[in-house]
Amino acid sequence: MASGKKGVEPIGEARRKWEDGTLKKGVQRLGLSESPIQYYTPADVAEHDFLENVGFPGEFPFTAGRHAIPVHVPMWGRGKNLGGGKTIRHAFGYSGYGTAEDMRDFYIERGKTPARGGGPNIAFDLPTQTGYDSDDELAEGEVGRVGVAVDSLRDFEVIYEPFVGDMELDRIASNWTINATANIIIAMYIALAEKRGIPIEKLRGTPQNDILKEFVARGTQIFPVEHSMRMVRDTITFCTEHLPGMNTISISGYHMREAGATRVQAISFTFANAIAYFESAIDAGLDIDQFVGRTTFLNFGGGMELLKEAAVRRAARRVWAKIMRDRFGSKNPKNWIYKELGGGLSGYWPMTIQRPLNNLVRVAIGAAFSSLIGEPPVCEPPYDEPLGLGHSVEARQLAADASRIIMEECKLCDVQDVFAGSYYIESLTNQYEKEMFEILGKIDDMGGALKAVENGWMKDQVIKSAWEHQMKLRKGEDVQVGVNKYTEEDEIEIRIPRTSPYKAERREDAEGRQIASLKMVKAERDDRKVQACLEKIENAARDDKANLIPFFVDAVKEYTTLGEICGVLRNVFGEVH
Amino acid sequence: MSKGQRIRVLVAKVGLDGHDKGANLVTLALRDAGMEVVYTGLRRTANHAISTAIEEDVDVIGVSILSGAHMKVADKIVALMQKEGIEDKLFVMGGVIPEEDIPKLKEKGVAGVFTQSATYEEMIDFIREGVRQHRE
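Order-wise, the sequence lines are chains Y and R.
With positions in the first sequence counted from 1, the corresponding number in our numbering is that position plus 479.
With positions in the second sequence counted from 1, the corresponding number in our numbering is that position plus 10.
None of these hints come from the bench; they were simulated from the model.
Keep in mind that the hints are not guaranteed to be accurate.
[Claimed, not checked] Below 35 Å or equal to it, Euclidean Cα-Cα: the simulated DSBU-like pairs (lysine-lysine) are:
#	chain 1	residue 1	chain 2	residue 2
1	R	LYS114	Y	LYS964
2	Y	LYS921	Y	LYS818
3	Y	LYS1036	R	LYS82
4	R	LYS82	Y	LYS1001
5	Y	LYS964	Y	LYS938
6	R	LYS118	Y	LYS982
7	Y	LYS913	Y	LYS813
8	R	LYS118	Y	LYS503
9	Y	LYS998	Y	LYS1008
10	Y	LYS982	Y	LYS1015
11	Y	LYS982	R	LYS114
12	Y	LYS998	R	LYS93
13	R	LYS118	Y	LYS921
14	Y	LYS951	R	LYS31
15	R	LYS114	Y	LYS913
16	R	LYS114	Y	LYS1036
17	Y	LYS921	Y	LYS674
18	Y	LYS943	R	LYS82
[To be verified] Just a sample of chain R residues kept apart from chain Y, beta carbon distances all over 10 Å, derived:
#	residue
19	LEU52
20	VAL83
21	ILE112
22	GLU132
23	GLU146
For each residue, glycine too, the CB sits at the ideal point set by N, CA and C.
Chain Y on its own, in the form it takes in the complex (with noise of 0.2 Å):
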């Protein structure tokens, strides 16, 4: 363990006398075979070097921090004044459910309430996100249920009703949680603007846009990873020139996370992904600091063991950071790491179904840690995530005041990094980066992300993982608190009350409301005109050269549906799933 390094060299002969000695006695007085703990010294550090390793945050390799200040110290307080006249927009919590009409007057009550955020973070339904209409058969009993259905610009334009004035589309940003009908959006969001007078310019928002970790772990791509793509190309192209506000992506860890990858594959595999879009923007002539200060990470999943979260961060952000000054070859500094929602610490997957509020536990320690290592201490999930679509008020009021008491309570985000320098923390830092690379180099020998995927090795790599998990979770190696420990009849159930942000009944009736929404926008349209726009798209989707953006605004402008234009699209691609 003691390195040849003359300053850690006493510290490993003590360490031998300490475990001959004061350890073994402590083993042996506690009737044990071995310590159940760890403890680390400078000798498991022997080669690290601050200035090389952590340094200062916001600067190369950013172990310590992307920013100098995170931005949440200064701009906590969503939506308050901040004095000077600032207000901070955010995209609202992440919603969605039923008609166009319930999504508008959700936010119009939501406006009314004292956690009124900025522009809207929307949850689309399965058909809109694998591109159907409501009145398709494949959508039957999936209309507006796990979001709001959109079918036609009508029914952005009916969602953004509320969007005015201050709220006006160049006074917020937008989040879409949308993938393979990414760009249709973006153009209904486009026309959108148009309409309203709005410079296309001033438009700003995030579509998730991450096609790849669809196959792996998600599930709505549509077509072919060549044509996905190509679409994420257009993205990135089009909004490069177009919509300097906008953008284009946010590469994802958490889903193939939470799908079961571990937590080193979860980061290596969205690193690859990243390599492949970029390389692909590349391609399409852009130089990489053209773009790449458009692009974003959404966050890299997490779990319950919360030193080796904060550690594997710690890691990523270097990792990446050489990537971006060594790979690529950016010349941007700035460019050198991501921007992320980050957080998450603690993830979705342990939370569970029994004694539900222990989640609340779960996510406020995960925040906790998030705060140590600069992030957001963002309490996510609220703690009935496990209990149906729809998180209630009562939870979501929990997990803000978690949040406040980290803050400002605890103070946990008034110094950063704590970490830097344990030698718990750095070691596995290391460690975790060696095992980054190695992923990333194996991909690259397959042929990069690409090949990864479309052969389905990474989606393999993920379901083993996930299996030798579960294997763990029955056997008691792993613990969920509840679930397969601790599940004795003298242990409580406790409940409190839930109120649901949506009004079930209008999800009940919605699919139907929709249908009859599309027929009237049916029967009012130029046909003529839609069919004119479909054969245009049609004709460009053959051409690889050409971005099918500017054809989705001219057809979505017509009201032509996405539905219909995915149907073309289905043509030319051809169709996965």
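On the provided structure of chain Y, position chain R as indicated by the hints.
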């Protein structure tokens, strides 16, 4: 009907939901328990699931669903099972299904519903017992 010893199970993702961690793990767990499992892959229709069930001559039809569309899917599967005369097969569902919907699903003809709180052991025992009864 003589089918030999091994239980044959269809694990199907019916509808548009793309989350298949559960379906993949159940497939592996049932195989690990000695059953033969056919997994349909994502985004299948009820029709596809039923024709696969018939082609593969399974004892059990298992549908994994997390999108909230479970009631509609149950209706479709049961109707098709009746139409094709394969009601002797065991129909089970799993995924994210609210507690209050489980009795309604059972009324429709779903033999068992396995949500997040179910263990692999419970599923395996239920299937073994259900198939044993059906074969008698």
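Now the hints, each set against the structure:
| no. | hint | in the structure |
| --- | --- | --- |
| 1 | LYS114/R with LYS964/Y | holds, 31 Å |
| 2 | LYS921/Y with LYS818/Y | holds, 26 Å |
| 3 | LYS1036/Y with LYS82/R | holds, 34 Å |
| 4 | LYS82/R with LYS1001/Y | holds, 26 Å |
| 5 | LYS964/Y with LYS938/Y | holds, 30 Å |
| 6 | LYS118/R with LYS982/Y | holds, 26 Å |
| 7 | LYS913/Y with LYS813/Y | holds, 24 Å |
| 8 | LYS118/R with LYS503/Y | violated, 64 Å |
| 9 | LYS998/Y with LYS1008/Y | holds, 17 Å |
| 10 | LYS982/Y with LYS1015/Y | violated, 41 Å |
| 11 | LYS982/Y with LYS114/R | holds, 21 Å |
| 12 | LYS998/Y with LYS93/R | holds, 32 Å |
| 13 | LYS118/R with LYS921/Y | violated, 50 Å |
| 14 | LYS951/Y with LYS31/R | holds, 16 Å |
| 15 | LYS114/R with LYS913/Y | violated, 52 Å |
| 16 | LYS114/R with LYS1036/Y | violated, 44 Å |
| 17 | LYS921/Y with LYS674/Y | violated, 49 Å |
| 18 | LYS943/Y with LYS82/R | holds, 32 Å |
| 19 | LEU52 | violated, 5 Å |
| 20 | VAL83 | violated, 7 Å |
| 21 | ILE112 | holds, 13 Å |
| 22 | GLU132 | holds, 12 Å |
| 23 | GLU146 | holds, 30 Å |
Going down the numbered hints, you'll see the structure goes against 8, 10, 13, 15, 16, 17, 19, 20, while the others check out.
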